[in-house]
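Enquirer: Using the hints, build the complex out of the two chains.
Here is how the chains run, residue by residue.
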Amino acid sequence: MKIYKHILTMLLFSTMITVSVATVYGQGIERIRTPELEKILRNPDDRLFVVNFWATWCGPCVRELPHFEKLSKEYQGKKVTFILVSLDFPSEIDKKLIPFLKKNEIDLAVFVMMDLDYDTWIGKVDEGWQGNLPATLVFNNTRSIRQFLPGEVDESTLRDMIRKNI
Amino acid sequence: MKKFIIPVVAGMIITLTIDAQSQYKAGDVAADFSLKNVKGDMVSLSSFEDAKGFVVAFWCNTCPVVKKYEQRLIDLHKEFAPKGYPVIAINSNDKGVSPGDSYEGMVNLVKDKKYQFEYLYDESQEVARKYGPTNTPHIYLLSKKGGKLIVEYVGAIDNNSDDPRAADKRYVADAVKSLLDGEKVAVAGTRAVGCSIKWRKV
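As they're listed, the protein sequences go chains A and B.
So in the numbering used here, spot 136 of the first sequence is number 136, and the numbers just go up one at a time.
So in the numbering used here, spot 65 of the second sequence is number 1065, and the numbers just go up one at a time.
Simulated from the structure, these hints should not be mistaken for lab results.
Backbone N, C-alpha and C define an ideal beta-carbon position, used for all residues, glycine too.
Among the hints, erroneous ones may be present.
[To be verified] DSSO-like, lysine-lysine: derived pairs with alpha carbons at most 27 angstroms apart: (1) B/K1145 to B/K1036; (2) A/K102 to B/K1025; (3) B/K1052 to B/K1145; (4) A/K96 to B/K1177; (5) A/K70 to A/K102; (6) B/K1036 to B/K1067; (7) B/K1068 to A/K102; (8) A/K124 to B/K1039; (9) A/K124 to B/K1025; (10) A/K103 to B/K1068; (11) B/K1068 to B/K1039; (12) A/K103 to B/K1067; (13) B/K1036 to B/K1078; (14) B/K1095 to A/K96; (15) B/K1083 to A/K96; (16) A/K95 to B/K1068; (17) A/K39 to B/K1169; (18) B/K1067 to A/K95; (19) A/K124 to B/K1068; (20) B/K1169 to B/K1067; (21) B/K1145 to B/K1130; (22) A/K96 to B/K1067; (23) A/K95 to B/K1144; (24) B/K1083 to B/K1144; (25) B/K1144 to B/K1025; (26) A/K73 to A/K102.
[To be verified] Here chain B is said to cover these stretches of chain A; the calculated rule only asks that three of the stretch's residues, wherever they fall, bring their Cβ under 8 angstroms from a Cβ of chain B: (27) 56–66; (28) 77–91; (29) 124–135.
[Said to hold, decoys possible] For the chain B half of the interface with chain A, some residues (derived, Cβ under 7 angstroms), not all of them: (30) T1134; (31) S1161; (32) A1192; (33) V1193.
Isolated chain B, as found in the complex (with noise of 0.2 angstroms):
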């Protein structure tokens, strides 16, 4: 019987392990959540009736290539916000592994940079676990449909981390302004480089 028991429980362990790094990808529905913003309030997406959708960015305090695209992620909540698309931050790194990365960082942060955007805190890193990215910054783009939350675009801002006016593909602007003109997104999906995501250590 043990020598049945245990291949089942490796077995198991494995799926885990690869259910954890499987990411939600276009066409997907998205779950909702409920983390703390940096006031302290408990933000849901259900709570922003009238958008159409959601720039979720998962994002950190500490990153150097967050750093690079912080601009761009406010000026795309700038543009497209007021247009129905809000960016929604959240930072899943565990304080443990990156301390820069604690609450007091996010507040600090929101203050320094003033964000107009919410940046939520995914403690338990629940919301990382089902969206499933792999680094920081990572977008995944939502819109409203039937009431669900379709995963239209995973992946990168744009196609130059280290330069915004050398980007040629701006791929979030792009399917948000497709989304818009009521669109099919052209690309659905890119790799981004990045920070890895800082997972709590078991």
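So that you can see chain A by itself, here it is in the shape it has in the complex (with noise of 0.2 angstroms):
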């Protein structure tokens, strides 16, 4: 609930920013550790999450970044929560996360998974997950949704599962 509120927080933070200056994308970033990933992946909240991993390395990653953004944007005011959780080497955050995510304009809510024992935590998101980037799920705690996609999605499927999923 708290994460929740930090969350809604970011976003207002993040929008006003957003109408006032425009270079400070990537402030809003928030350092998290397991025990905060899954007060975000056990969210009871009647909505639908978003969440995807990837990293500025990750070139799929990359590539699908903007389909996150702009159905963030097509589904705003709807009951839809989009997450990006980096897996960017916390000794990169500075020199290449915040600069890409200003760069790209990234107004999305950003954390930074700050805990590299992957194998601890990467089986929490799905039990199927190896570890390769980028990775999304979708899933509503309230209404047992819960949909894990691995590798690059292209923007009509991730439009289809929200739309469905909603």
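Expert: Shown next, in the form of structure tokens:
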């Protein structure tokens, strides 16, 4: 619940910033570890969560990122929350991740996973996930909706997935 | 008849897709292969007569996670090749999808980084389809038992891609040490984050 409030705050915050100054994308990132990730994944709210696992070093991830941006605008005000979870190297957050978010004007909520002991948490996202990027989890815990999409997704697949589950 | 054939064909396609994604796990018998190294020679695991096993690493020229692990792979070879477990790196990425992962790129990389281990080109992607790596780097530790190659471990090199000093579980090194001591490998598999294998587009 606390995390959700965080997300709301971040969303409000980033919207406010977008209106005033356009050069502060990437300032709202939040560093998380496994317990925070689990909270996000267990969010009990009756809304659809679209969580994308990605990294700036992953070509297919960068290619599909605009779909998430675009759909988040399309579904603004609807019961969908888009979340990006970055697996960028912690040592490269300032050097690569933040400049990337600024340059590409990403205004989605961005969490950076600081827990590099991947084997301890990858299976909690989806039992079948081997750790390859990108990967997207779509869920609504209230309605027992849980769909895992490993690999790059195209815009229409993502839109269909949201439309069917919203 | 047509109505019947279509679902069957569709079923076959789905089965094939799933097969391509399945991977060797500990206990499986691994297939040998014959792949070209950077000198242009064909290399098979069977040609390493004195080896006790192999650290087979699905690798490439371009992935930033591979770069992070490069020195660690070089060190694994340095530490364990003399003890009978050489590193065998394999690049299975399609150069059409990832131009930097060409054979020429491999030749240059070996020259620049002075790889002491074999770096092989799986141009047909046949070896990757058999072994089933999902990303680079992805390690398959094999041991020779009764004339067969047995998979002992599948997964990551250790548990900190960013900083080798912060890694406190050295999965591959620990597994090789266990085998050298005649013990069972404690962790037989881990999930490895990396760059997805660049499969040829059909």
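Enquirer: State for each hint whether it applies.
Expert: Each hint, compared with the structure:
Between B/K1145 and B/K1036 the alpha-carbon distance is near 25 angstroms, which keeps this suggested pair within the 27 angstroms criterion. Our distance criterion of 27 angstroms between C-alpha atoms is broken by A/K102 and B/K1025, whose separation comes to about 42 angstroms. Pair hint B/K1052 plus B/K1145 holds up; C-alpha atoms about 8 angstroms apart against a cutoff of 27 angstroms. For a cut-off of 27 angstroms, the pair hint linking A/K96 to B/K1177 is broken: about 37 angstroms separates their Cα positions.
With a C-alpha separation of about 16 angstroms, the suggested pairing of A/K70 with A/K102 holds against the 27 angstroms cut-off. The hinted pair formed by B/K1036 and B/K1067 meets the criterion: a straight-line CA distance of about 22 angstroms does not exceed 27 angstroms. For the given pair, B/K1068 sits about 25 angstroms from A/K102 by alpha-carbon distance, which is consistent with the 27 angstroms threshold. This hinted pair does not check out: A/K124 and B/K1039 have alpha carbons roughly 44 angstroms apart, beyond 27 angstroms.
With a C-alpha separation of about 20 angstroms, the suggested pair A/K124 and B/K1025 falls inside the 27 angstroms cut-off, and the hint holds. In summary, the hint linking A/K103 to B/K1068 is supported, as the alpha carbons are separated by about 25 angstroms, within the 27 angstroms threshold. With a CA separation close to 25 angstroms, the supplied pair B/K1068 and B/K1039 stays within the 27 angstroms bound. The suggested pairing of A/K103 with B/K1067 holds, with an alpha-carbon distance near 24 angstroms, which does not exceed 27 angstroms.
Annotation: proposed proximity of B/K1036 to B/K1078 holds, straight-line Cα distance about 22 angstroms (limit 27 angstroms). The hinted pair formed by B/K1095 and A/K96 meets the criterion: a straight-line CA distance of about 26 angstroms does not exceed 27 angstroms. As the CA atoms of B/K1083 and A/K96 are separated by approximately 40 angstroms, the hinted pair breaks the 27 angstroms bound. Using a Cα cut-off of 27 angstroms, the hinted pair A/K95 and B/K1068 holds, with the two alpha carbons roughly 16 angstroms apart.
Simply put, A/K39 and B/K1169 have alpha-carbon atoms about 26 angstroms apart, close enough for the 27 angstroms limit, and the pair holds. With a C-alpha separation of about 17 angstroms, the suggested pair B/K1067 and A/K95 falls inside the 27 angstroms cut-off, and the hint holds. Restraint check for A/K124 and B/K1068: satisfied, since their Cα atoms lie roughly 25 angstroms apart, inside the 27 angstroms limit. Restraint check for B/K1169 and B/K1067: the C-alpha separation of about 19 angstroms stays at or below 27 angstroms, so the hint holds.
A C-alpha spacing of about 20 angstroms is found between B/K1145 and B/K1130, which places the hinted pair at or below 27 angstroms, so the restraint holds. A distance of roughly 16 angstroms separates the Cα atoms of A/K96 and B/K1067; the hinted pair therefore holds under the 27 angstroms criterion. In summary, the hint linking A/K95 to B/K1144 is not supported, as the alpha carbons are separated by about 45 angstroms, beyond the 27 angstroms threshold. With a CA separation close to 14 angstroms, the supplied pair B/K1083 and B/K1144 stays within the 27 angstroms bound.
A threshold of 27 angstroms between alpha carbons decides the hint, and for B/K1144 with B/K1025 the separation of about 15 angstroms falls inside it, so the pair holds. A distance of roughly 18 angstroms separates the Cα atoms of A/K73 and A/K102; the hinted pair therefore holds under the 27 angstroms criterion. Coverage of the stretch 56–66 of chain A by chain B holds. Counting CB-CB distances below 8 angstroms, 4 residues qualify, and the rule asks for three or more. Check on the stretch 77–91 of chain A: 4 of its residues sit with their Cβ under 8 angstroms from a Cβ of chain B, so the three-residue criterion for coverage holds.
With a cut-off of 8 angstroms between beta carbons, the stretch 124–135 of chain A has 5 residues touching chain B; three or more are needed, and the interface restraint holds. Given hint, B/T1134 at the interface with chain A, holds; its Cβ is 4 angstroms from that chain's nearest Cβ, closer than 7 angstroms. Here the hint on B/S1161 is kept, as its CB sits about 6 angstroms from the closest CB of chain A, short of 7 angstroms. The criterion of a C-beta within 7 angstroms of any C-beta in chain A is met by B/A1192, whose closest approach is roughly 5 angstroms, and the hint holds.
For the restraint placing B/V1193 at the interface with chain A, the shortest Cβ-Cβ distance is roughly 4 angstroms, inside the 7 angstroms limit, so the hint holds.
The structure is inconsistent with the numbered hints 2, 4, 8, 15 and 23, although it conforms to all the rest.
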